[in-house]
Amino acid sequence: MSGAPPATAWARVAPLLRLGVLDAGPGAALLRATEAMGFSREVAAQGLAAEVAAWRDEAALARALAGLPASLDAPSLGPRLPREVLLIAARTLPASTLREVFWARLLGARVRVKPARDQEAVAQAIAAADPTGGVQVAPFASGDEAALNAAVARADAVVVLGSDTTVADVGARVPADRAFLGYGHRVSAAWCARAPSDEEVLGLARDLCAWDQAGCLSPQVVWVRGAGGHEAVAARLAQALRKVEVTLPMRLPPGAARARRVALTLGHMQGRVWETATAAVVALPSGAFRPSPGFRVLWVLPADPAALQSTAPVLSSLAYVGAAEDRPALPPWVRVCAPGQLQRPPLDWAHDGQDPVAGYLRPARRGGDGDGG
Amino acid sequence: MSIERPPALTERRQALVADLLAFVRAAGPTPLTRPRPPAEAAAFDALAARVLAYQIAAVPAYGRLVQAEGGTPASWRAAPLVPTELFRDVDLTASQVAPLQATFRTSGTTAEAAGAHARGVRRVPDLTLYDAAMEAPFAEAVLRGGASPDEAPPAPTRWLSLIPSAQALPDSSLSHMVTTLADRLAAQTTWATGPDGLDAALAWAALDEAARAREPVVLLATSFALVQLLDAAPGRRVRLAAGSRAMLTGGFKGRSRTLEPDTLLALAAERLGLPGEAVADEYGMTELTSQAYAARAGEPLVAPPWLRLRVVDPASHEELPPGHEGLVAFFDLLNLDNVSPLVTSDLGVLDAACGLTLRGRAAGAPARGCSLTAEELGVR
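Going line by line, the protein sequences match chains A and B.
My numbering numbers the first residue of the first sequence as 1 and each following residue consecutively.
My numbering numbers the first residue of the second sequence as 1001 and each following residue consecutively.
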């Protein structure tokens, strides 16, 4: 299947593209389910539409498939396509679950989605988009070891989106002859090696507001080089946010108010704070990485190369502003992109350094083994 | 905001220390008893205004917060509240008082302990106020069960502490408190918890010895340590002499083994012979100088006159009326060299008599995917 997917593969994925039609059918159901997670209609619609639209990028798809071995379609001892995928969805955004369902279906596998608690409606909406029954919802309690082991045992490939602890726990249960993709906790940030342009600042504001700063692709910190430059950028970010949030509203849930108050108090004590209708930009004097309490609270800090390097092990993506030669050296799993693109990873993105497609393949068999799958 | 020269601040501080000590002394041996003298509230307000003004000038970070939130407040009730978790991030010590007499650190959860900056730090230049104010409320609630000195029998002088001594845990404010109290009030103290944890055998031996001698005991413990003691010797029982008393403090934050308070009290009665009315609750924290008590566990906590208990809205920090649940907040007059207006992550409800009932910890925001918490990330 290397290169462009065959027509049969597209036939499996095409129905899922209906999920991008948000005013009717499964797309509308997915939108409602995403709103039920607490997102505004506007944020949910934009995020879902963007994720589905990514699957229309034929060039990115071709790149992602280019590395697949040519022998997958024929019986062989080499890596094999999965027939059934178990997808354990954490309380992440629907976008990440959606992407993995698309991949699994493109590769011809049935997908059983174990939804996160209280998010069965998301999984049901995705499943409803596939008229062949290729996507099924398999709910069970997170503490139900027997159900988990049974679900893992029947799958050729297991994909986990969740905490590092969950990823490690599930990964330990997957036999060596099955495929495993584990996506744990990560954070994203921005690095400005020079003063960003207005367009770049607007891009960062969009990155923050998309999905209300939830998920591993949302920026938690913006580092800015140049003495005092971080406060100037913080002020400009606040201005940009006031424009963006008009079309991407957010309601702060009651449980988030306390953490935001703590963040603002810290900002007032140590730095400066800019509040908008939905967001808060806090400039602090130290460049040390600090996780955000979320819900659009963005730390803007003086650039600290040591802080960036110490964050790198858990860094997913970095929006970069500056010349190529000034780009900090980063591990290969960190995706570097332009501001505004943090929440738009291309299909061939190596999520946490893992090949998004090859990771689904069952390992090569040793000669003489029976066909266990 | 004008900048005072340190000598002027020092003089103000010295005057405040003297007046605060006088206020504590004036409360007498029953600082928890209600009703309070009518003049006491006005005296508190006057001292609070001076303490607040001093802290705005002497604690730079707090001064900046006040300025950012509109300038010097009209009263202590309107003073910006500092979340206790910010003791992890900000030095909230009056800048001109040196040297430090104590540095207390919060215990933190297991995950928090992994990070260099994960524990809150409260630097206390001077323990005078702390040491002066701790005894009367403790004696009233824990040793006398709320009775006045005239009404109560002599307090036991044989103590067993499941809380580490200050020698074993020098950065614990609770250890400092119990060690100071033991030095003053106990004739004999068994310290059953050291750096390596609880020595249950030692503790049980001390209880057995006291019971054989028919001498009452004062037992000091965190709730978790008491459970550890009971779990270490399943089925073991001792009947402590009448007049024995206990102080319980702390909960089960981050622990895998938890018990409902009523269950723990029932176990203490069954296994130690300590009836519920013999057990007092203590509520304090590293970030506070003062403590609140319930002379009988499970009843509302009462504060001494130098500590105001409040319940506030989590978002606005507006004070909530009695009967409404919110975040527990304080104004601790004796936090002179740090900050007095504090807000915690504890939930509580005040009654009409300003008694506080705790209702657990405030829940965090709904999880939103891959974002790491500060505890999980540990990257600073």
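It is worth saying that the hints were derived from the structure and are not from the lab.
It cannot be assumed that every hint is accurate.
To be verified - A few chain B residues facing chain A, derived, Cβ under 10 Å:
(1) Leu1065
(2) Val1066
(3) Glu1069
(4) Ala1078
(5) Val1082
(6) Pro1083
(7) Glu1085
(8) Leu1086
(9) Ser1316
(10) His1317
(11) Pro1321
(12) Pro1322
(13) Leu1327
(14) Ser1345
Bear in mind that the values here come from a model prediction, so they are computed numbers and not experimental data.
We put the beta carbon where it would ideally sit given N, CA and C, even for glycine.
Taking the hints in turn, this is what the structure says about them:
1. Leu1065: holds, 5 Å
2. Val1066: Given a least distance of 9 Å, the restraint on Val1066 of chain B holds.
3. Glu1069: Hint holds; Glu1069 of chain B Cβ to chain A Cβ min 7 Å, cut 10 Å.
4. Ala1078: It is violated, given that the least Cβ distance between Ala1078 of chain B and chain A is near 15 Å, above 10 Å.
5. Val1082: Given a least distance of 7 Å, the restraint on Val1082 of chain B holds.
6. Pro1083: Holds - the Cβ of Pro1083 of chain B comes within 10 Å of chain A, reaching about 5 Å at its closest.
7. Glu1085: holds, 6 Å
8. Leu1086: This interface hint holds because 6 Å falls under the 10 Å limit.
9. Ser1316: holds, 8 Å
10. His1317: His1317 of chain B check passes; min Cβ-Cβ to chain A is 7 Å, inside 10 Å.
11. Pro1321: violated, 18 Å
12. Pro1322: violated, 21 Å
13. Leu1327: Because about 7 Å separates Leu1327 of chain B from the closest Cβ in chain A, which is inside the 10 Å limit, the hint holds.
14. Ser1345: holds, 7 Å
Hints 4, 11, 12 from the list above are not met by this structure, while the remaining hints are.
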